[in-house]
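*Asks:* Turn these sequences into a full structure, and let the hints steer you where they fit.
So the chains spell out like this:
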Amino acid sequence: EAGVAQSPRYKIIEKRQSVAFWCNPISGHATLYWYQQILGQGPKLLIQFQNNGVVDDSQLPKDRFSAERLKGVDSTLKIQPAKLEDSAVYLCASSWSDRGNYGYTFGSGTRLTVV
Amino acid sequence: QQQVKQSPQSLIVQKGGISIINCAYENTAFDYFPWYQQFPGKGPALLIAIRPDVSEKKEGRFTISFNKSAKQFSLHIMDSQPGDSATYFCAAPQTSGSRLTFGEGTQLTVNP
Chain A
1 EAGVAQSPRY
11 KIIEKRQSVA
21 FWCNPISGHA
31 TLYWYQQILG
41 QGPKLLIQFQ
51 NNGVVDDSQL
61 PKDRFSAERL
71 KGVDSTLKIQ
81 PAKLEDSAVY
91 LCASSWSDRG
101 NYGYTFGSGT
111 RLTVV
Chain B
1 QQQVKQSPQS
11 LIVQKGGISI
21 INCAYENTAF
31 DYFPWYQQFP
41 GKGPALLIAI
51 RPDVSEKKEG
61 RFTISFNKSA
71 KQFSLHIMDS
81 QPGDSATYFC
91 AAPQTSGSRL
101 TFGEGTQLTV
111 NP
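Residue numbers (my numbering), protein chains in the order written: chain A, 1 to 115; chain B, 1 to 112.
Hints in this document: simulated from the structure, not taken from any laboratory.
For every residue, glycine included, the Cβ atom is placed at its ideal position computed from N, Cα and C.
Cβ-to-Cβ under 10 Å is the rule here; a few derived chain B residues that face chain A:
hint: 1; residue: 4
hint: 2; residue: 6
hint: 3; residue: 9
hint: 4; residue: 42
hint: 5; residue: 43
hint: 6; residue: 94
hint: 7; residue: 97
hint: 8; residue: 102
hint: 9; residue: 103
hint: 10; residue: 104
hint: 11; residue: 107
Distance ranges between label pairs, derived from CB positions:
hint: 12; chain 1: B; residue 1: 60; chain 2: A; residue 2: 14; range: 46 to 56 Å
hint: 13; chain 1: B; residue 1: 57; chain 2: A; residue 2: 59; range: 24 to 34 Å
hint: 14; chain 1: A; residue 1: 41; chain 2: B; residue 2: 26; range: 14 to 24 Å
*Replies:* See the structure below:
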């Protein structure tokens with residue numbers, strides 16, 4: 001079974017620029033999550049999708065962050081404009097069901113550095 | 001909103017020793033309480049998980065102990081090996097849905 005694919009692996013941008021991250025979940029996984037992991041901290045949920053609908057985006061800073069999941073498969077997360085405090089690893093995870101968290105699989109993440 | 005407190009922040013253990021990491025949560029939810037293992041440059045990977053109606057689960061050298069009344073659960077790594085050196089995260093489910101709230105992590109170092 002192929003894992004959760006994310007790209008790019010690394011990105012360095014200047015503050016106020018925009019950036020986008022891409023995620024391809026495990027085939028057949030209906031639920032997709034984006035987490036932000038700041039260095040030395042645990043992952044924090046940004047947004048959860050069920051198929052192509054948003055289930056929870058209460059922790060997403062909507063003034064600068066946006067996410068979409070077209071056709072219920074791939075997803076993109078965008079930051080515009082970026083701030084220094086957005087420097088973090090952005091992790092995508094997927095699971096086959098929204099009724100339980102067992103089988104949550106993470107990708108390797110995109111490390112964003114804002115300078 | 002689920003809150004999760006994990007301790008210790010860092011742990012150094014000799015090879016062959018027992019590593020113990022603790023986690024406390026606030027809200028009870030009937031879903032799995034997992035532990036994740038993360039190596040540098042990788043995403044967290046599921047290590048072991050327990051349902052809240054079970055008090056203990058063992059998989060090889062890894063054991064979860066769950067105390068529902070105290071709202072605590074812990075990870076025990078027996079016969080710790082240098083290859084176990086990683087950051088470990090506990091996670092607790094939200095009261096509804098499949099979302100997980102993670103602890104702040106424990107950096108484990110196993111000395112040879």
